[in-house]
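In our numbering, the protein residues as written are 1 to 322.
Calculated directly from the structure, the hints in this document are not laboratory data.
Yeah, the Cβ is synthetic: ideal placement off N, Cα and C, and Gly gets one too.
Wrong hints could be hidden among the right ones.
[To be verified] When the alpha-carbon atoms are kept at most 27 Å apart in a straight line, the in silico DSS-like pairs for lysine-lysine are as follows:
(1) Lys90 / Lys176
(2) Lys276 / Lys138
(3) Lys215 / Lys138
(4) Lys215 / Lys176
(5) Lys138 / Lys71
[Said to hold, decoys possible] Restraint ranges, calculated between C-beta atoms of paired labels, are given here:
(6) Pro135 / Pro178: 15 to 23 Å
(7) Glu267 / Thr212: 36 to 44 Å
(8) Glu157 / Ala266: 50 to 58 Å
(9) Pro155 / Asp296: 35 to 43 Å
(10) Asp296 / Val134: 37 to 45 Å
(11) Lys71 / Pro274: 20 to 28 Å
(12) Pro178 / Arg272: 20 to 28 Å
(13) Glu267 / Ala171: 21 to 29 Å
(14) Thr265 / Ala174: 43 to 51 Å
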Amino acid sequence: MTHQTHHREQAVLQSNLERSRRLRCLARAIVLTTGSSVFLLLQALPASAQTQYLRQSIGQAPEVHTHVSTKTARYQPLFGVGSANSEVVKAVKHYGLLSIDPDGESRPVNYNREEVVYYVLAGTGLLRYGNREVPVSKDDFFYLPIGARHGFANPREDTLQLMVMGVEIPANAAVKPPPRLPLANAGQVAFQLLPQSNHGPSSRFQLLLGNTNSKRDRLAAANQINSLYVIDFDPGGTNIPHRHENEEEIYFMLRGNGEMVAGETAEGKEARHPVKAGDAFFFARNTLVGFYSSPDTDTEHARILAVRVKCPQLPEASAEKK
1 MTHQTHHREQ
11 AVLQSNLERS
21 RRLRCLARAI
31 VLTTGSSVFL
41 LLQALPASAQ
51 TQYLRQSIGQ
61 APEVHTHVST
71 KTARYQPLFG
81 VGSANSEVVK
91 AVKHYGLLSI
101 DPDGESRPVN
111 YNREEVVYYV
121 LAGTGLLRYG
131 NREVPVSKDD
141 FFYLPIGARH
151 GFANPREDTL
161 QLMVMGVEIP
171 ANAAVKPPPR
181 LPLANAGQVA
191 FQLLPQSNHG
201 PSSRFQLLLG
211 NTNSKRDRLA
221 AANQINSLYV
231 IDFDPGGTNI
241 PHRHENEEEI
251 YFMLRGNGEM
261 VAGETAEGKE
271 ARHPVKAGDA
281 FFFARNTLVG
291 FYSSPDTDTE
301 HARILAVRVK
311 CPQLPEASAE
321 KK
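Required output: the full structure, derived from the provided sequences and hints.
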């Protein structure tokens, strides 16, 4: 074997070893399509952790006929049941937009083994809960325990839009229903800095709903849902990238724009994605998550509706850490 041939073979061997190492340690991006909808899944494969995220948008998510659908009520699943990649999502069972036309109504539903939180994005309507009809309007949020049969009606002239968030209750969990309907309006909840969370002074939090042990949320009612909250950002504000070891999290852009941090690049840097109102991200446990608001001072503050939930068969996560 000539010296030149030996050198070439050594170079090829070294290249193959390096390629193998990178495949073991770096990330791969997979784009999956369904109809007009595009999901982006990032799966990082370091030796010690695995991270995943999904991306969806209200403008792209198709309507799916479900148990709540009628001629005047439509459901767009973003993550979980009805979406193309529901197997990636472990704890969150339903996450999507329910839209009810003027003079319309949804079909009554009972989510088996799920606690459900709703957030009213637009409009005014009626929550049919048991034998009651409860008025709900924009920025209302409320909690329904497992076994709560309910539906919605819209007697008004504008479309009623609600974000549906359903989380599975473990089979061995004993859940005591709240004595009354936990309902409040986000306008009643002050924004506050959370210095202990190290997210910096440019993002403020509305702490809307937590679990039954919460001492700081407006409503303390949930079992598996650790926190429902809204983040408001100054121009150029930041939600410092971080991870939640034992929780899944979803960010929904209520308004504004910026860059979402979702996972890492092959080089181990933050993977940033331009986002606008209506975009949503699902983050699996231990995935890097963060946000950088647009520095444009002529636009409204960016706001994110976020929900964090316990992962199944994992130690109970702290509800006091954002």
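We went through each hint and held it up to the structure:
no. : hint                        : result
1   : Lys90 / Lys176              : 23 Å, holds
2   : Lys276 / Lys138             : 20 Å, holds
3   : Lys215 / Lys138             : 25 Å, holds
4   : Lys215 / Lys176             : 18 Å, holds
5   : Lys138 / Lys71              : 23 Å, holds
6   : Pro135 / Pro178: 15 to 23 Å : 19 Å, holds
7   : Glu267 / Thr212: 36 to 44 Å : 43 Å, holds
8   : Glu157 / Ala266: 50 to 58 Å : 51 Å, holds
9   : Pro155 / Asp296: 35 to 43 Å : 39 Å, holds
10  : Asp296 / Val134: 37 to 45 Å : 39 Å, holds
11  : Lys71 / Pro274: 20 to 28 Å  : 37 Å, violated
12  : Pro178 / Arg272: 20 to 28 Å : 40 Å, violated
13  : Glu267 / Ala171: 21 to 29 Å : 42 Å, violated
14  : Thr265 / Ala174: 43 to 51 Å : 44 Å, holds
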